[in-house]
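Input sequences plus hints: build the corresponding full structure.
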Amino acid sequence: MRDLELILDKVEKPSRYIGNEHNIIIKDWNKVKLKVALAFPDLYEIGMSHLGFQIIYFLLNNREDTLCERVFAPYIDLENLLRDRKIPLFSLETKKPIKSFDWLAFSLSYELTYSGILTILNLSHIPIFSRDRDESYPLIIAGGPTVLNSEPIADFIDVIFIGEAEEAINEIINVYLEWKETKENKTQLFKELVKIEGVYIPSLYKPIYEKDKFKEIIPLYPWVPPKISRRIVYDLEKAPFPTRPIVPIQQVAHDRGSIEIMRGCQRSCRFCFAGYIYRPKRYRSIDTIRKYAKEIFENTGYEEISLLSLSTNDYPNIEKLLDLLNEDFEGKHVNFTLPSLRADKFSLELAEKVEKNKKSSLTFAIEAGTERLRKVINKNLKEEEFFKTLDVAFSKGWNNIKLYFMLGLPTETDEDIYETVNLVEKIIRLNRRSKIHLSFSIFVPKPHTSFQWEKFEDREIIERRKNILRKALKRKNISIDFHDYSMSYLEAIFSRGDRRLSNILNLAWQMGSRFESWTEFLRIDIWEKIFNNLNINPKWYTEKKNIDDPLPWDHISCGVRKNYLIKEREKAYKCEETPPCEWGLFCDFCGVSHYG
Amino acid sequence: MDKIVYRLAFYKKRLLKYISSIDMLNFMNRAVRRSGLPVAYSQGYNPRPLISLGLPCPVGIESKKEWLDITLKYYIEKEEVLNKWNKELPEDLQFFEVLESPKSSLIKDTYGINYELEVFVANESSFLEDIERFKNNDKVYILVRRGEKIKEIDLKRYIYDIKIEKRDNRYNIELKTKKIEDSIIRGEEFLEIFSYKPLLINQVREVILNV
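Here the protein sequences line up with chains A and B, keeping their order. 4 is the number of the first residue of the first sequence in the working numbering; add one for each residue after it. 2 is the number of the first residue of the second sequence in the working numbering; add one for each residue after it.
Bear in mind the hints are in silico, worked out from the structure with no lab data behind them. Quick caveat: nothing in here was measured; it's all calculated off a predicted structure. No residue lacks a Cβ here, since even glycine has one placed at the ideal position from N, Cα and C. Treat each hint with caution, since some may be false.
BS3-like, lysine-lysine: derived pairs with alpha carbons at most 27 Å apart [stated by the list, open to error]:
hint, chain 1, residue 1, chain 2, residue 2
1, A, 16, B, 198
2, B, 198, B, 177
3, A, 356, A, 391
4, B, 14, A, 98
5, A, 216, A, 547
6, A, 30, B, 85
To give an idea of the interface, some chain B residues facing chain A are shown, with a C-beta separation under 8 Å as derived from the structure [what the hints assert, rightly or not]:
hint, residue
7, 19
8, 32
9, 34
10, 42
11, 93
Right, dumping it as structure tokens:
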């Protein structure tokens with residue numbers, strides 16, 4: 004411990020590494036069969052803000068025969084100190100070296116955290132490539148939304164789990180523990196693991212390239228499944244949920260309690276990765292949510308509890324839920340927050356219920372400035388309806404409005420951008436006292452969506468459109484921020500990447516690329532240099548693809564049929580809307596069943 | 002019913018010395034909310050539990066005694082306040098003393114801070130000479146940083162007692178310092194008096210209140 008203090012005295016924000024949080028779980032190492040180091044390949048304050056990470060921590064520790072401790076990517080200062088002094092990376096709970104665990108499991112929710120995987124492996128003195136690791140090393144596992152296309156990290160990870168872990172995690176542990184007793188080699192373990200739905204073992208497949216392009220991926224043995232399906236937990240109500248989450252000591256990005264009230268979304272926005280990969284829509288009952296809220300408050304003392312879902316308005320009886328929660332927490336000084344509100348009047352009623360007397364700001368992700376473009380992406384919001392909402396909002400005293408947009412959407416032209424300017428000016432005319440914040444991200448085509456074949460827009464075009472907006476909207480009461488192009492560019496490459504990127508990632512990491520999701524760290528020049536040196540054209544990853552092009556994630560199924568995606572894409576080009584998915588009322592036969 | 006103010010002393014040691022003073026307030030707020038103690042809240046749009054900490058303890062410094070004031074909505078046995086709150090805190094940060102109805106604000110009631118500095122000394126004779134010179138001089142000026150400014154202060158005004166003790170190859174320096182016009186000196190600032198600056202290995206502080 005004294006050694007650790009000597010290092011921590013020298014780093015920025017040492018509280019990232021001290022553990023000791025409330026609700027931390029420390030188990031006796033001699034009394035369990037399986038020891039898991041759960042890793043998030045970004046800084047503590049980011050990892051601890053992810054509900055998925057807390058869910059896995061809870062699921063693993065929930066088993067009597069298993070312990071789970073946490074590890075995060077250290078900041079550069081600690082990384083250098085650990086390397087210089089040859090101190091292995093340690094877990095936060097018991098400060099044990101990561102190498103002494105049975106599993107090192109990565110929670111992956113963003114492509115630009117991948118270099119953190121390499122940092123964690125390397126600092127733990129574990130070989131980076133799975134082919135260089137024998138049975139004496141921990142088994143390296145990964146899961147989370149981005150593994151729906153796991154090829155870019157396929158060379159580093161032994162076992163990838165596709166989908167929702169609540170049920171499958173026990174099956175995987177049971178198989179592993181049985182294998183551990185037999186002391187057989189890894190192939191024996193893999194043979195048993197692939198029988199579990201959702202398990203993908205990249206080393207059992209070989210990617211084939213033709214003329215520098217991805218062609219196909221083939222199983223190496225007859226017992227290897229050619230296609231892997233995403234695991235789905237159909238009964239969310241019965242799925243275990245952590246109501247005793249770890250309460251970070253230092254401030255984190257989302258410093259509050261969370262309840263996942265709904266999983267999946269019925270709106271079918273065509274660009275939305277989450278909208279496709281979390282189907283079908285499922286929700287927890289009002290009684291369960293109230294019970295969880297009470298437990299979370301008592302176990303954490305949080306001032307704020309977020310009711311998480313992809314589209315809050317679509318939770319059945321959301322008003323009743325909020326009324327009951329307000330009643331339950333009367334006088335307890337707890338605020339509830341609602342993410343993802345649609346830009347309609349109903350949202351204002353909901354916002355009033357949670358904001359009570361203070362009116363902070365309203366956030367609407369309208370994504371595109373014209374009705375035409377919103378039809379293309381299936382964000383079905385009429386301008387008339389939007390302005391009615393704003394009218395009511397302004398009259399009720401909400402003067403701060405935040406709007407989220409995307410640039411570079413399929414079919415977008417400069418005309419759409421000029422129309423966006425008009426839209427914002429119209430809002431200002433409606434209320435001269437309003438303060439408008441505009442946030443522009445850049446459209447990244449995501450695998451498993453209807454837009455998986457689309458182009459990631461060129462830098463010049465995006466910069467030109469940014470300039471149009473910047474110049475036209477230079478006002479005191481308007482603030483604008485734009486997402487960094489290079490960052491989205493790298494995200495686009497990795498989102499639709501193939502296995503060749505594993506090597507590229509390793510080279511970039513060797514050259515010092517770290518924390519690519521932090522503007523101050525991203526060095527796109529390193530990446531450009533590597534693509535250049537290897538003679539791989541990154542355009543292949545960002546350009547528009549043909550419908551019949553083989554895709555590196557074709558062997559992974561999220562449940563949605565490719566024909567459905569193609570149909571949705573055609574509808575997009577025809578500006579045709581798809582109504583919300585209502586089981587039993589309206590079904591567009593995407594392929595994901597509601598009942599398993 | 003009348004609100005009651007309690008004043009509690011706590012220690013923080015080992016890894017918990019790395020909690021920053023901003024995080025400390027949140028940390029205490031959430032712990033007291035979990036404990037079920039009837040903490041009173043501030044008025045306004047964003048009500049906060051009425052808890053105040055004294056002079057902030059810098060990141061990385063252990064403390065034998067820090068003080069904190071809390072206002073409860075009604076009277077509760079003071080031992081119960083201490084016990085209930087302690088249940089929500091880790092073992093390296095616990096309350097061990099509680100007083101009722103303090104005289105005034107914590108900072109006003111603070112007399113000074115005692116420091117224990119554990120240092121490694123490379124040049125022993127020079128170290129001892131510097132200590133002697135400090136003891137014999139009336140005024141000893143050093144430069145310190147206060148926010149964005151560099152200030153010259155007379156250390157002798159702040160330090161009213163000093164003891165040194167040799168332990169193996171290390172020295173232990175015990176300083177008793179007092180608060181002057183709401184300003185204090187930090188333990189490591191004392192090391193400015195040395196011509197060969199000793200290496201600071203550990204620092205522990207203890208906040209002393211007016212009797």
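For each hint, the structure was consulted:
1. A:16 to B:198: 26 Å, holds
2. B:198 to B:177: Distance of about 20 Å is within 27 Å: holds.
3. A:356 to A:391: Judged against 27 Å, a Cα distance of about 19 Å means the pair holds.
4. B:14 to A:98: Judged against 27 Å, a Cα distance of about 17 Å means the pair holds.
5. A:216 to A:547: Holds: residue 216 of chain A and residue 547 of chain A sit about 14 Å apart, inside 27 Å.
6. A:30 to B:85: 25 Å, holds
7. 19: 4 Å, holds
8. 32: 6 Å, holds
9. 34: At about 3 Å, which falls below the 8 Å cut-off, the nearest Cβ of chain A leaves the hint on residue 34 of chain B intact, so it holds.
10. 42: 6 Å, holds
11. 93: 7 Å, holds
When each numbered hint is compared with the structure, no violation occurs for any of them.
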